[in-house]
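Residue numbers (this note's numbering): 1289 to 1336.
None of these hints come from the bench; they were simulated from the model. In this text, a Cβ means the ideal position worked out from N, Cα and C, and glycines have one as well.
Label pairs and their computed distance ranges (CB to CB):
hint : residue 1 : residue 2 : range
1    : 1335      : 1289      : 34 to 42 angstroms
2    : 1327      : 1296      : 14 to 22 angstroms
3    : 1327      : 1289      : 25 to 33 angstroms
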Amino acid sequence: MTPLIPLEYRGERLWICPQHLPVLIHDPAQLVGRLAGAEQLRPAEHHD
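Use the sequences and the hints to build the structure in full.
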């Protein structure tokens, strides 16, 4: 069983699996249709 990570988004508590956390950070467009407002999210900027 994979542990889930809790997060607050738009005042709502949501849960995400560790494998999908990088998607939320780096390519949130993949979450359109699954996460309300995902179409307005922008990928994190990289400062490598």
